[in-house]
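Protein sequence lines, in the order shown, are assigned to chains A and B.
Residue numbering for the first sequence follows the working numbering, beginning at 1 and increasing consecutively.
Residue numbering for the second sequence follows the working numbering, beginning at 386 and increasing consecutively.
Treat each hint with caution, since some may be false.
For the chain B half of the interface with chain A, some residues (derived, Cβ under 7 Å), not all of them [stated by the list, open to error]:
1) Cys399
2) Asp425
3) Cys432
4) Ala434
5) Ser437
Lysine-lysine pairs mimicking BS3-like chemistry, simulated, CA-CA at most 25 Å apart [unchecked claim]:
6) B:Lys436 x A:Lys42
7) A:Lys53 x A:Lys230
8) A:Lys25 x B:Lys392
9) A:Lys146 x A:Lys321
10) A:Lys47 x A:Lys230
11) B:Lys393 x A:Lys377
12) A:Lys42 x A:Lys25
13) B:Lys393 x A:Lys61
14) B:Lys393 x A:Lys42
15) B:Lys392 x A:Lys302
16) B:Lys436 x A:Lys25
17) B:Lys393 x A:Lys47
18) B:Lys436 x A:Lys271
19) B:Lys392 x A:Lys61
20) B:Lys436 x A:Lys372
21) A:Lys321 x B:Lys436
22) A:Lys47 x A:Lys25
23) A:Lys75 x A:Lys47
24) A:Lys302 x A:Lys2
25) B:Lys436 x A:Lys200
If you want the ones that stay clear, here's a sample from chain A, every Cβ over 12 Å from chain B, calculated [unchecked claim]:
26) Ile30
27) Ser39
28) Gly52
29) Glu141
30) Lys202
31) Ile313
What the hints contain is simulated information worked out from the structure, not anything from laboratory work.
Given the structure is predicted, the values throughout are model-derived calculations rather than measurements.
Ideal placement from N, C-alpha and C gives every residue a C-beta, glycine not left out.
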Amino acid sequence: MKPIIVIGSGHAGLTLTRELRVINKEVSIILITQDDGCSYYKPNLSKAISVGKSANDLVMKNVEQIKTEQDVFIKTHTKVVAIDAKDSFVTVDDGISIERIFYQDLVIATGASPFELPITGNAKNEIVSVNNLDDYRQFRETIKNKERVLIIGAGFVGIEFASDIFSAGYHVDVVDMEAWPLKRALPQQLGQSIVDSFPKDKVNWHFGSSVVSVDAKNEALEVTLSCGKKLEVDFVLSAVGIRPNVGLAKAANVDINRGIVVDNYLRTCIKNIYAIGDCAEISGHTLPFIAPATFAAKALAKTLLTSDTGLSIPNLAVAVKIPTCTTIVCPSLSLKGGWEVEGEGSDFVARFMNSKGQVSGFALTGKAISQKGALLKECIAPTLC
Amino acid sequence: MTVVEYKKYCCVTCDLVYDEELGFPEEGIAPGTLFEDIPDDWTCPECSASKSDFFLVE
Ligand SMILES: Cc1cc2nc3c(=O)[nH]c(=O)nc-3n(C[C@H](O)[C@H](O)[C@H](O)COP(=O)(O)OP(=O)(O)OC[C@H]3O[C@@H](n4cnc5c(N)ncnc54)[C@H](O)[C@@H]3O)c2cc1C
Ligand SMILES: [Zn+2]
Numbered sequence: 001m002k003p004i005i006v007i008g009s010g011h012a013g014l015t016l017t018r019e020l021r022v023i024n025k026e027v028s029i030i031l032i033t034q035d036d037g038c039s040y041y042k043p044n045l046s047k048a049i050s051v052g053k054s055a056n057d058l059v060m061k062n063v064e065q066i067k068t069e070q071d072v073f074i075k076t077h078t079k080v081v082a083i084d085a086k087d088s089f090v091t092v093d094d095g096i097s098i099e100r101i102f103y104q105d106l107v108i109a110t111g112a113s114p115f116e117l118p119i120t121g122n123a124k125n126e127i128v129s130v131n132n133l134d135d136y137r138q139f140r141e142t143i144k145n146k147e148r149v150l151i152i153g154a155g156f157v158g159i160e161f162a163s164d165i166f167s168a169g170y171h172v173d174v175v176d177m178e179a180w181p182l183k184r185a186l187p188q189q190l191g192q193s194i195v196d197s198f199p200k201d202k203v204n205w206h207f208g209s210s211v212v213s214v215d216a217k218n219e220a221l222e223v224t225l226s227c228g229k230k231l232e233v234d235f236v237l238s239a240v241g242i243r244p245n246v247g248l249a250k251a252a253n254v255d256i257n258r259g260i261v262v263d264n265y266l267r268t269c270i271k272n273i274y275a276i277g278d279c280a281e282i283s284g285h286t287l288p289f290i291a292p293a294t295f296a297a298k299a300l301a302k303t304l305l306t307s308d309t310g311l312s313i314p315n316l317a318v319a320v321k322i323p324t325c326t327t328i329v330c331p332s333l334s335l336k337g338g339w340e341v342e343g344e345g346s347d348f349v350a351r352f353m354n355s356k357g358q359v360s361g362f363a364l365t366g367k368a369i370s371q372k373g374a375l376l377k378e379c380i381a382p383t384l385c
Numbered sequence: 386m387t388v389v390e391y392k393k394y395c396c397v398t399c400d401l402v403y404d405e406e407l408g409f410p411e412e413g414i415a416p417g418t419l420f421e422d423i424p425d426d427w428t429c430p431e432c433s434a435s436k437s438d439f440f441l442v443e
């Protein structure tokens with residue numbers, strides 16, 4: 001029998017191969033990845049500078065350990081360049097040779113790539129994004145002898161980086177088009193308590209503004225904002241969000257929208273091709289977080305090796321790691337509705353009430369995070385389909 | 386007198402360690418709670434992995 005081929009060794013790909021092996025010891029599994037195949041917990045990338053961790057410190061298992069533990073064939077530093085959906089094979093390129101590998105079932109777990117902003121200026125290429133271990137390795141090396149860092153984007157990843165980098169002794173500027181951080185996941189009062197929790201002499205916020213250009217000037221970078229302000233910094237980090245990697249699927253005529261479109265069984269429009277993790281889109285939603293990928297990998301392992309198992313995801317709370325203001329959010333899938341906020345000081349409970357008056361998401365800050373369990377129960381079950 | 390030998394369990398996804406001796410007071414799990422006594426629907430406070438995704442640290 002032909003193998004199950006998995007493309008990508010991120011959290012989605014490696015969780016899937018592990019779960020497949022738990023169910024069946026014999027089935028042939030090939031994991032193809034363009035990186036070095038070691039496992040790491042990606043959320044650590046935005047919390048590691050201040051604790052002095054190198055990229056190697058963040059590695060949980062190297063590829064040899066994974067091969068032994070999972071008994072899976074792993075091709076590292078190998079890029080899948082094409083999918084032939086008709087004859088069920090992939091074309092791979094390891095930099096030395098190009099070969100075809102046939103599959104029984106194919107799982108695309110290619111993740112997502114940082115969004116590129118339309119920024120001008122002679123130093124626009126110096127804008128850095130950190131989305132994998134190699135990016136982090138380079139980022140940590142480059143900021144070593146710098147002092148002032150500008151972060152574009154005050155979403156989850158942007159504010160975690162802001163927290164981590166100022167704690168490591170840098171001066172930080174944060175620019176975001178919205179009026180407060182994490183605008184999509186929490187209301188203004190909570191956003192304000194997050195902002196207030198950062199030391200004013202170390203972090204400057206520029207809300208309602210975007211970066212227009214980045215130019216090299218006097219051995220530093222001059223950043224011009226849409227409000228006209230000019231800032232002099234040494235390093236620019238972009239954390240504005242990600243775009244699902246859909247290129248391979250698109251070229252193979254697999255349906256795509258924002259992500260690779262899959263049904264509740266993680267199946268694309270082609271019967272033996274599936275997608276999970278940051279690259280997938282289900283019922284109009286991309287779910288670029290750890291936990292949904294874990295659930296998807298587990299359901300898909302069963303579908304591939306036992307019987308069709310639909311994905312069902314419970315309400316999930318994501319902790320935003322900013323030690324100055326502990327924050328937990330459970331974003332609502334439906335964006336229609338409004339916030340109801342209780343609390344004072346920096347301890348808030350915010351419930352997102354959908355158009356039917358049900359709690360469909362929440363956010364907690366400060367001492368209120370102890371109410372996570374109760375709020376998860378209050379929330380209606382997320383409906384994906 | 387019996388001396389309880391506390392164990393440690395590690396989350397396969399995020400490496401978070403549950404130390405029976407310390408519990409997870411902020412998650413409502415008292416110090417000294419044995420891993421097997423944690424409810425089965427409990428999930429990893431860091432990454433939401435299920436209880437069965439924790440392995441015993443030798
Ligand atoms: C800084 C940061 C902080 C985060 N914090 C949190 C958090 O606190 N909580 C949370 O839930 N989520 C967080 N996330 C999101 C979470 O980490 C991701 O949702 C998750 O790791 C995605 O896993 P994935 O396997 O889908 O993708 P990836 O990890 O991106 O893996 C994609 C894999 O595909 C491979 N690949 C791609 N194209 C090809 C090709 N053509 N051929 C071969 N291989 C290919 C890549 O090499 C890689 O191995 C964070 C993300 C970042 C960047
Ligand atoms: Zn975990």
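Consistency of the hints with the structure:
1. Cys399: holds, 5 Å
2. Asp425: Interface hint status for aspartate 425 of chain B: violated (14 Å vs cutoff 7 Å).
3. Cys432: holds, 5 Å
4. Ala434: holds, 6 Å
5. Ser437: Interface hint status for serine 437 of chain B: violated (10 Å vs cutoff 7 Å).
6. B:Lys436 x A:Lys42: holds, 21 Å
7. A:Lys53 x A:Lys230: Distance of about 33 Å is beyond 25 Å: violated.
8. A:Lys25 x B:Lys392: Since the Cα atoms of lysine 25 of chain A and lysine 392 of chain B sit roughly 29 Å apart, the hinted pair is violated (cutoff 25 Å).
9. A:Lys146 x A:Lys321: holds, 24 Å
10. A:Lys47 x A:Lys230: The given pair, whose Cα atoms are some 28 Å apart, is violated under the 25 Å limit.
11. B:Lys393 x A:Lys377: violated, 28 Å
12. A:Lys42 x A:Lys25: violated, 28 Å
13. B:Lys393 x A:Lys61: Given that 25 Å is the threshold and the Cα spacing comes to 19 Å, the pair holds.
14. B:Lys393 x A:Lys42: holds, 23 Å
15. B:Lys392 x A:Lys302: violated, 31 Å
16. B:Lys436 x A:Lys25: Roughly 23 Å between the alpha carbons, so the hint for lysine 436 of chain B and lysine 25 of chain A holds.
17. B:Lys393 x A:Lys47: The hint holds at about 24 Å.
18. B:Lys436 x A:Lys271: Violated, at roughly 33 Å.
19. B:Lys392 x A:Lys61: holds, 22 Å
20. B:Lys436 x A:Lys372: holds, 18 Å
21. A:Lys321 x B:Lys436: Holds: lysine 321 of chain A and lysine 436 of chain B sit about 22 Å apart, inside 25 Å.
22. A:Lys47 x A:Lys25: Distance ~37 Å between lysine 47 of chain A and lysine 25 of chain A Cα, so the pair is violated.
23. A:Lys75 x A:Lys47: violated, 30 Å
24. A:Lys302 x A:Lys2: holds, 18 Å
25. B:Lys436 x A:Lys200: violated, 41 Å
26. Ile30: Holds, since 22 Å exceeds 12 Å.
27. Ser39: For serine 39 of chain A, whose nearest Cβ neighbour in chain B is about 9 Å away, the distance does not exceed 12 Å, so it is violated.
28. Gly52: Glycine 52 of chain A is indeed farther than 12 Å from all Cβ atoms of chain B, at 17 Å.
29. Glu141: holds, 24 Å
30. Lys202: Fine: 26 Å to the nearest Cβ keeps lysine 202 of chain A off the interface.
31. Ile313: Given a closest Cβ separation of 10 Å, the condition is violated.
In summary, the numbered hints that this structure violates are 2, 5, 7, 8, 10, 11, 12, 15, 18, 22, 23, 25, 27, 31.
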